[in-house]
Amino acid sequence: MTFVGTKKLIFLRSLDGKVLRKIIIFVLLAVCLYRFVFDTRRLKGIVLNYLHVEQNRYNVSPNVYLIDLYATSTTTTFRCIKTKPLVRNISTTICLYNSKRDRYVSGAFSELTSIWEEKQVTRTLQYLIRHPTIHFIDIGANIGTYTMYVAALGRFVLAIDCFAPNLVRLRRAVQLMNVHEQVVLVQNAIYSRSGEYLRLSLDTANVGGQRIRQPSHRYRETKNTSIVNPYIVKTITFDELLPILDARSIRSVLMKIDIEGSEGFVLETGSRIFDSLHIPLIQMEWKIVQQNNNQTKRIIDFLKQRQYDPMEIECKMLDSEDVRSWPDEIYWLKRNASSFC
Numbered sequence: 001m002t003f004v005g006t007k008k009l010i011f012l013r014s015l016d017g018k019v020l021r022k023i024i025i026f027v028l029l030a031v032c033l034y035r036f037v038f039d040t041r042r043l044k045g046i047v048l049n050y051l052h053v054e055q056n057r058y059n060v061s062p063n064v065y066l067i068d069l070y071a072t073s074t075t076t077t078f079r080c081i082k083t084k085p086l087v088r089n090i091s092t093t094i095c096l097y098n099s100k101r102d103r104y105v106s107g108a109f110s111e112l113t114s115i116w117e118e119k120q121v122t123r124t125l126q127y128l129i130r131h132p133t134i135h136f137i138d139i140g141a142n143i144g145t146y147t148m149y150v151a152a153l154g155r156f157v158l159a160i161d162c163f164a165p166n167l168v169r170l171r172r173a174v175q176l177m178n179v180h181e182q183v184v185l186v187q188n189a190i191y192s193r194s195g196e197y198l199r200l201s202l203d204t205a206n207v208g209g210q211r212i213r214q215p216s217h218r219y220r221e222t223k224n225t226s227i228v229n230p231y232i233v234k235t236i237t238f239d240e241l242l243p244i245l246d247a248r249s250i251r252s253v254l255m256k257i258d259i260e261g262s263e264g265f266v267l268e269t270g271s272r273i274f275d276s277l278h279i280p281l282i283q284m285e286w287k288i289v290q291q292n293n294n295q296t297k298r299i300i301d302f303l304k305q306r307q308y309d310p311m312e313i314e315c316k317m318l319d320s321e322d323v324r325s326w327p328d329e330i331y332w333l334k335r336n337a338s339s340f341c
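In full-length UniProt numbering, the protein residues as written are 1 to 341.
Hint data in this document are derived by calculation from the structure and do not stem from the laboratory.
Any given hint could turn out to be false.
DSSO-like cross-link-like pairs, simulated, lysine-lysine; straight-line CA separation at most 27 Å [as the list claims (entries may be wrong)]: (1) 316 - 297; (2) 334 - 304; (3) 119 - 316; (4) 100 - 84; (5) 334 - 316; (6) 82 - 119; (7) 316 - 304; (8) 334 - 297; (9) 297 - 287; (10) 100 - 119; (11) 334 - 287; (12) 287 - 100; (13) 287 - 304; (14) 287 - 316; (15) 334 - 119; (16) 84 - 119; (17) 119 - 287; (18) 82 - 100.
What follows is a set of in silico ranges between Cβ atoms, one per label pair, in the way DEER data are often shown [to be verified]: (19) 271 - 293: 21 to 31 Å; (20) 113 - 317: 26 to 36 Å; (21) 313 - 292: 16 to 26 Å; (22) 180 - 202: 29 to 39 Å; (23) 82 - 203: 22 to 32 Å; (24) 72 - 320: 42 to 52 Å; (25) 89 - 246: 30 to 40 Å; (26) 275 - 133: 12 to 22 Å; (27) 112 - 275: 23 to 33 Å; (28) 89 - 293: 38 to 48 Å; (29) 98 - 297: 33 to 43 Å.
All of these numbers come straight from a predicted model, not from anything done at the bench.
Every residue gets a Cβ at the ideal spot worked out from N, C-alpha and C, and that includes glycine.
Start from the sequences, fold in the hints, and give me the full structure.
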């Protein structure tokens with residue numbers, strides 16, 4: 001045995017059992033702390049994917065991921081097109097998926113001739129043109145049809161979507177149209193609780209329109225989980241976005257809510273926003289919502305309490321006693337905003 005080895009053996013023998021146990025516990029705690037920090041950073045990497053998050057200039061919750069609109073992405077193999085001009089010849093740029101993967105939204109676009117939900121987008125622009133102080137909140141922005149047309153009109157848009165590939169395309173469109181100052185992009189899922197990690201469903205024909213899985217499928221990280229996984233999303237509450245609206249001095253907005261059956265979470269967690277802002281009109285996808293009786297009742301009760309009435313796009317009021325007869329997409333009109341119809 002070498003001299004150094006002999007010294008180590010003498011040192012270890014000189015330690016009593018209590019001291020040795022303390023050293024072992026300290027080492028184990030240090031390892032656990034390292035793993036916790038490493039895993040937390042890894043989990044953040046899963047959620048942020050290949051998007052860049054900008055500095056928190058709006059003083060929002062750390063759970064809110066604000067996308068840096070000036071950052072560039074290496075994933076730019078998608079196609080961007082100039083869109084069909086709508087009312088007042090307003091046109092914009094949209095960046096698409098392959099229509100085989102996204103047959104509904106991307107598949108609806110044909111350069112200069114057709115767009116996704118043309119009738120609804122046109123109606124939104126008409127509302128905004130008639131009311132020049134009103135801006136827009138796009139919840140479930142997808143690749144940004146509404147966001148980009150409203151930004152082209154010169155209004156502010158707060159756009160929220162949890163699916164990173166959607167926001168990569170939307171950010172590129174913002175850059176091509178140079179509307180950075182009119183748009184804020186948020187990469188989160190709005191949910192009943194903030195700071196959770198949830199999985200999204202997979203739809204091979206509707207890649208941009210993902211649903212949050214039920215809480216029983218809540219995400220738990222495992223060692224073999226990929227670090228790049230856009231189907232893992234972090235949750236926020238709607239009210240956590242109020243500092244952005246305050247900082248931009250936004251006091252009146254139209255709102256579109258299309259988040260594949262999670263619309264109720266916006267209302268459930270958005271009382272402060274609804275109390276702070278004038279929101280004369282809300283466009284809401286109803287097709288999936290109406291499959292859940294409890295959520296349907298909560299949405300109707302929340303909006304009725306705030307003096308909203310349901311109607312179709314053509315301003316025809318809907319029968320509140322016959323919810324099953326409502327169309328797949330509805331509008332909620334504030335009773336003091338009759339000028340919208």
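Each hint, compared with the structure:
1. 316 - 297: holds, 21 Å
2. 334 - 304: Holds: residue 334 and residue 304 sit about 9 Å apart, inside 27 Å.
3. 119 - 316: holds, 16 Å
4. 100 - 84: OK: residue 100 and residue 84 at ~21 Å, within 27 Å.
5. 334 - 316: Measuring from Cα to Cα gives roughly 14 Å; hence the hint holds.
6. 82 - 119: Holds, because 18 Å separates the two Cα atoms, which is no more than 27 Å.
7. 316 - 304: holds, 17 Å
8. 334 - 297: OK: residue 334 and residue 297 at ~18 Å, within 27 Å.
9. 297 - 287: holds, 15 Å
10. 100 - 119: holds, 24 Å
11. 334 - 287: This hinted pair holds, its Cα atoms lying about 22 Å apart.
12. 287 - 100: holds, 23 Å
13. 287 - 304: holds, 19 Å
14. 287 - 316: Measuring from Cα to Cα gives roughly 18 Å; hence the hint holds.
15. 334 - 119: holds, 21 Å
16. 84 - 119: Judged against 27 Å, a Cα distance of about 12 Å means the pair holds.
17. 119 - 287: This hinted pair holds, its Cα atoms lying about 18 Å apart.
18. 82 - 100: Holds: residue 82 and residue 100 sit about 20 Å apart, inside 27 Å.
19. 271 - 293: 21 to 31 Å: Holds - the Cβ-Cβ distance for residue 271 and residue 293, about 22 Å, lies within 21 to 31 Å.
20. 113 - 317: 26 to 36 Å: holds, 34 Å
21. 313 - 292: 16 to 26 Å: Since residue 313 and residue 292 have Cβ atoms about 23 Å apart, the given range 16 to 26 Å holds.
22. 180 - 202: 29 to 39 Å: holds, 32 Å
23. 82 - 203: 22 to 32 Å: holds, 28 Å
24. 72 - 320: 42 to 52 Å: With a Cβ separation near 49 Å, residue 72 and residue 320 satisfy 42 to 52 Å, so the hint holds.
25. 89 - 246: 30 to 40 Å: holds, 34 Å
26. 275 - 133: 12 to 22 Å: Holds - the Cβ-Cβ distance for residue 275 and residue 133, about 19 Å, lies within 12 to 22 Å.
27. 112 - 275: 23 to 33 Å: Because 43 Å falls outside the window, the suggested range is violated.
28. 89 - 293: 38 to 48 Å: holds, 45 Å
29. 98 - 297: 33 to 43 Å: holds, 40 Å
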